[in-house]
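Each chain is listed here by its residues.
Number of protein chains: 2
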Amino acid sequence: MSKRQIKLGLSMRQLGYHAGGWRHPAVPADGAMRIAHFAHIAQTAERGLFDMVFLADGLGLRQRDNPPGSLARSDRNVELEPLTMLAALAMVTSHIGLVATASTSYNEPFHIARKFASIDHISGGRAGWNIVTSWSEEEAWNFNRDRHFDYDERYDRAAEFVEVTKGLWDSWDQDAFVRDKAEGLFFRPDGLHVLNHAGPHFQVRGPLTVERPVQGYPVLVQAGSSEAGQEIAAASADVCFVAHTDLGDAQAYYRSVKSKLARHGRDEDALKILPGLLAIVAPTEAEARNKYEELQALIHPLVGLAHVYGPMGDLSAYPIDGPVPVPNDPQHRSRAKVLLDMAARNNWTIRDLYLAASMGRGHRTVIGTPGQVADAMQEWVDGRGADGFNIIPATLPGGIEDFVDLVVPELQDRGVYRTVYEGATLRENLGVPRPASRHA
Amino acid sequence: MSKRQIKLGLSMRQLGYHAGGWRHPAVPADGAMRIAHFAHIAQTAERGLFDMVFLADGLGLRQRDNPPGSLARSDRNVELEPLTMLAALAMVTSHIGLVATASTSYNEPFHIARKFASIDHISGGRAGWNIVTSWSEEEAWNFNRDRHFDYDERYDRAAEFVEVTKGLWDSWDQDAFVRDKAEGLFFRPDGLHVLNHAGPHFQVRGPLTVERPVQGYPVLVQAGSSEAGQEIAAASADVCFVAHTDLGDAQAYYRSVKSKLARHGRDEDALKILPGLLAIVAPTEAEARNKYEELQALIHPLVGLAHVYGPMGDLSAYPIDGPVPVPNDPQHRSRAKVLLDMAARNNWTIRDLYLAASMGRGHRTVIGTPGQVADAMQEWVDGRGADGFNIIPATLPGGIEDFVDLVVPELQDRGVYRTVYEGATLRENLGVPRPASRHA
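Protein chains in written order, with my numbering: chain P, 15 to 454; chain V, 15 to 454.
As the list makes no split between identical chains, a pair holds if one copy fits it or if it spans any two.
With a cut-off of at most 20 Å between alpha-carbon atoms, the simulated EDC-like pairs for lysine to aspartate or glutamate come out as follows:
#1 180 with 204
#2 195 with 44
#3 195 with 307
#4 274 with 241
#5 17 with 396
#6 195 with 308
#7 305 with 366
#8 17 with 442
#9 17 with 427
#10 180 with 245
Think of the hints as simulated: they come from the structure by calculation, not from any bench.
Make the full structure from the sequences, and use the hints.
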């Protein structure tokens, strides 16, 4: 029996995910505004035969300056816009998938259908859309609203948004454009389908003014963590990006989502589940540990304290290397209790607390040799907790360079990772089917 | 006294502007969906030292199938989306400006500010935005509306939209990002400006999550033909794309707009006026004429009749080479009268009528040798009817290849056109100033 193959995505936002990473000497601190930074990252991931690079996104500066002075010390503020960036990266890569986040709460289906279809054509079938509903008031404030949509409305709107978008992608049959010069016929009239959608959230006539995407639809990505989210993912997602730190949780989630696919007439392999994995890798375990400690030391205390501000309130008046005080803020009592219990159990200082809280951001973290990282990956894939991983680099471009140079050869030696791209499109490389048109 | 220098843009939508061009053997009929087509066009224009390439746009299939069967015989239906395309083209060009149309009626200022700022950074300061308000019901139908905005609301909204967009571009001072690794300070807090805009059409808090554009603001382009449009252009546009067929009209417009600039504290040269110019050029006049006739013969009668459908109604039941009948449709009586008078004066058949009506689409047309085309251009520029031209190619890529190979050397020989790019950004090449931030 052949070994379970590992799928890989790279989350390449900004300068990586470590809160102090931008201060590291090897990190180009202005990289988030430079296309050359991302071109190098995407090309490195492509050299490592990754399935895709992925851009998270938010539609506003989501951090408030809590505690005062923390905002100006964080690098999470300016960056290139994801859809224009993916189109640009399509021109300097040739195999890797290009996935961007776009919100269903603060966009229009016509624009989203059009832009992703365009990127899919520009890239020769490598586009993917990470579907999110957004979550912060800061985003609502940039789009004529005082408040973010509430949960039910947000998800109703998202479901309708995706249906409209798919309908627009099906506007033209794949073989509609005959472009017969002698006859003077550009398209077959029966290959054009006008959507005429009229629903509670959207009225969209169509047709889309782009040919059907190369992949039928671009690859559809979702988080799908809640029960409702799992149902939506099972119905129509090709990839789930999830966050688990525990194999048991990952396995329970994996079983739950995969078991829902049959009801939608879908094969178990039609949906790939990729938990996030923050890997810090070096030739020896000691070097990997050193890398990690070096980064942790670069977190400015105000930036660290911002990571615990939500549950704990402002701790900046307390001695940073003193004991963790009981917070006054009653809004997040349960989350504060978790942190306080951990602090008490480990005898943590305030610094220890924020260093722990800022790490991984809910994703599994592995620090070690290429062999140890490969073991950790195989354990979850063979244990049916994952089909692969969305690699969360601590810093960029170092995080992806290390992974490609050290971990990829190890995975290839073990026979669990490709040595050449299997297909031309992202769907072909992921091994997920190309959706037929509703009119086919 | 040095000679007046000519500025050049290229309107590079789809396969060119001739209604029968897609049927020509030299035209790649599927080009509008292929990035390689546009990369070749943009690179050719850059070889010809053009200031910019320009993409017109509409947010829907704007043609109805009138007369029946005409829609499927036209190539104006699918194409790549302009903003993703410009970002892609930024990676395969290095000097030429990249200008796209985006509508203020069916977009949000935050998205538009963000995407153009991103393209400006990706391209190193070569982005431009052609500001339009859209005009068709077909576009409204794709964005949750039964009808297009009426004139006043559309222009009110556009003015506020542009103000918000500029405000977002000024979110961060040019020198806000110190990225001091030792100190742990990413930006100076006093370099961040939160817009907090609350107006009749938009409530946008800001800040933008992109650094201030390389050019301060991307180059702002407008049509500005009406009196209201001229005022807006004089207040804030860097370039006007206009359509004139008569030098007197062009001069009157030029005088009118330029005279308004001083009131806004702007120099006469701060706004460039570029009429469209459809040039069909060949080494000899006879060859140019042949090219033109060859194209005209490729217009399918149903496509030709679609060009006169608005004023004249459906003429497809009449003999195509017979006399022009008096139409029944009373909706467009005045436009029909113009066409009927022309037909009577010239003794035109129906075919003659649609061939004339489809030509140039309101833009000046010149058919001739490189010397004749250069003469025509100099006449308008020296006569203060233009600062240059937006070249409207009959077909692509042939139209730009011919222009660059034949007309550009002629203009250079005459000393009226650059032999090397003057600057690094589109503003520098156009010779329009870089706007200061409102917070500077």
